[in-house]
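Participant: Below are the chains, spelled out letter by letter.
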Amino acid sequence: MARLVFLGRLADLAGSPEREVAPGPLADVLAAMPRDLAVALLDERVRIALNGALVTGGEAVVLAGGDELAFLPPVSGG
Amino acid sequence: MARLVFLGRLADLAGSPEREVAPGPLADVLAAMPRDLAVALLDERVRIALNGALVTGGEAVVLAGGDELAFLPPVSGG
Amino acid sequence: MGIDVRLLHQPFNPGQFVGPFTHAHPGLGGVCTFVGEVRGGDGIEALELSHYAPLTLPGMEGLARRAAARFDLMGIMILHRTGIMLPGEPIVCVSAAARHRRAVFEAVDFAMDHLKSDSWFWKREKRGGVWAWIEPRAEDHSDLTRWA
Amino acid sequence: MGIDVRLLHQPFNPGQFVGPFTHAHPGLGGVCTFVGEVRGGDGIEALELSHYAPLTLPGMEGLARRAAARFDLMGIMILHRTGIMLPGEPIVCVSAAARHRRAVFEAVDFAMDHLKSDSWFWKREKRGGVWAWIEPRAEDHSDLTRWA
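Residue numbers (our numbering), protein chains in the order written: chain A, 1 to 78; chain B, 79 to 156; chain C, 157 to 304; chain D, 305 to 452.
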C-alpha cells in the first residue's frame with residue numbers, strides 16, 4: 001500500500017489526515033476519490049511532496065508500495 | 079558643608095568620588111583645588127548637576143550648606 | 157556555531173531553553189530573544205498548528221543556517237510549538253547570540269519574518285467552539301521583501 | 305502600560321525578571337528581550353560601571369516612557385547593572401511586550417541604542433590589572449541618528 005497525507009484544510013475535506021491507497025498512477029488514485037476532493041488536491045496552489053521531497057508535475061507520479069505522498073496547501077505560517 | 083561629586087575619570091583625578099567643601103561661590107572652591115583638577119572640572123564637555131538637576135553656566139553657582147554639586151564627564155554609555 | 161532547532165509538542169517555558177542556550181556561547185556580547193504567544197482577545201479559544209515532519213523541521217534548520225551565516229552569529233535557537241495551544245501559551249521562541257548587538261536583533265527579526273510566512277505550518281483557530289483555517293496573510297509576504 | 309526600570313548592584317539572572325514581566329502582560333502577542341553581557345576576550349578581566357543616582361535612574365525611566373509611547377507597547381522592562389562585573393555577566397536586559405511583533409523588536413533596539421550612548425553611565429575596563437576609562441564611541445552616536 002501507499003499513503004496519502006493531507007495537510008491543513010485538505011485533511012478536513014478528506015475526512016482524515018491520511019489515507020492508505022493501492023499503488024499505481026496518482027491519476028487513477030484521484031479518479032477513485034470524491035470529485036471535490038480530487039479537484040482540491042490538484043489545485044495549482046497545492047504543492048506535493050513524495051517521500052518528503054517536493055515534486056513538480058505531481059499528477060504524473062506513479063505510487064509504489066510504501067510511498068508517502070503529501071498534499072500541502074498554502075501555509076499559514078508559524 | 080556642601081558636597082562635590084566626581085564621576086568617571088574625574089573621581090580618579092580628584093582622588094576620591096566625593097569631597098566635602100565649605101559653602102560659597104564655586105569659583106572660590108575651585109581656586110583652592112590643585113590647578114589640573116580645577117581645569118578638568120571646568121572642561122566644556124563636563125556637565126554640572128546641582129542637587130540632581132543639570133545646570134548651565136555652573137561656574138557661577140554659589141554653594142549653600144547641604145548642596146550637592148556633581149561633575150559629569152562625557153558618558154561612556156551602558 | 158551552534159544551531160538548536162526543535163519542534164515541541166507540549167507547552168514550554170522559553171526561559172528553560174534560553175538560559176542554557178546563552179550559557180552555551182561564552183564570549184558573546186548579546187542575546188536577542190523573541191517569544192510569540194497565542195494572542196487572547198477576539199474571542200479566540202484555541203489555536204492549532206499542524207506540521208509535516210519531513211518538511212517542517214528541515215525547513216526550520218535551513219532557515220537557522222541561513223540566518224547564522226548571514227548575520228555572523230555565534231548561535232541560533234528556534235523552538236516552535238505544534239498541536240493545540242491556548243491563549244497565553246508560547247508558540248515560538250527564537251534566540252540569537254553574537255558578539256555584537258545589531259546582528260542579534262536582525263537575525264531574530266529575519267528568522268521570525270520567515271517563520272511567519274515561509275515555514276511549513278498550517279494554522280486554525282477556534283472561536284465559539286468552531287475551528288476555522290487561517291489563510292496566509294499578505295502582510296507576511298510583504299515582510300519577506302524586507303530581506304530580499 | 306507597565307514600566308519596570310531598575311538599577312541592579314549585584315549579578316542577576318535575566319530569566320528571573322523576564323518570566324514575571326511576560327506573565328504581567330496577558331493578551332500580548334510577542335516579547336522581545338535583549339541581554340547584553342560583558343564580552344570576554346581582548347584580555348578584559350573586569351568592567352566597572354559607575355552611575356549618578358539622581359540622574360541615571362530618572363534618565364532610564366524617561367527612556368522607557370518614550371519607547372513605550374513611540375512603539376505602542378503593553379510593557380517595557382529595563383534592567384541595568386552597576387558596579388564591577390566579570391566577563392559573561394549580564395550588564396543589561398531590555399524586554400518589550402506588545403500585541404504585534406514589529407513593535408517589540410523596534411522598541412528594544414531603540415532602547416538599547418539610547419542606553420549605550422545616551423545614558424548616565426561611566427565605564428572602565430581592567431586589563432593586566434590596570435583600570436582604564438572608556439571614552440564614548442562615535443559608533444554609539446551614529447546609532448542614535450537611526451531614530452531621529
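These aren't lab readings, by the way, just hints derived from the structure by calculation. One should not assume that every hint holds.
[What the hints assert, rightly or not] Distance windows between CB atoms, simulated:
{"#": "1", "chain 1": "B", "residue 1": "P101", "chain 2": "C", "residue 2": "G244", "range": "53 to 63 angstroms"}
{"#": "2", "chain 1": "D", "residue 1": "I348", "chain 2": "C", "residue 2": "P176", "range": "17 to 27 angstroms"}
{"#": "3", "chain 1": "A", "residue 1": "A53", "chain 2": "B", "residue 2": "P152", "range": "37 to 47 angstroms"}
{"#": "4", "chain 1": "A", "residue 1": "R45", "chain 2": "D", "residue 2": "F316", "range": "20 to 30 angstroms"}
Each residue gets a CB set at the ideal place from its N, CA and C atoms; glycine is no exception.
Participant: All hints are to be evaluated individually against the structure, with a verdict given for each.
Facilitator: The hints, checked one at a time:
For P101/B paired with G244/C, a C-beta distance near 59 angstroms keeps the hint of 53 to 63 angstroms intact. At about 24 angstroms, the CB distance of I348/D to P176/C agrees with the hint of 17 to 27 angstroms. Between A53/A and P152/B the C-beta distance comes to about 59 angstroms, which lies outside the given range of 37 to 47 angstroms. Evaluation of the 20 to 30 angstroms hint for R45/A and F316/D yields a failure: the beta carbon distance comes to about 50 angstroms.
Consistency with the previously given hints fails for numbers 3, 4, ordered from lowest to highest.
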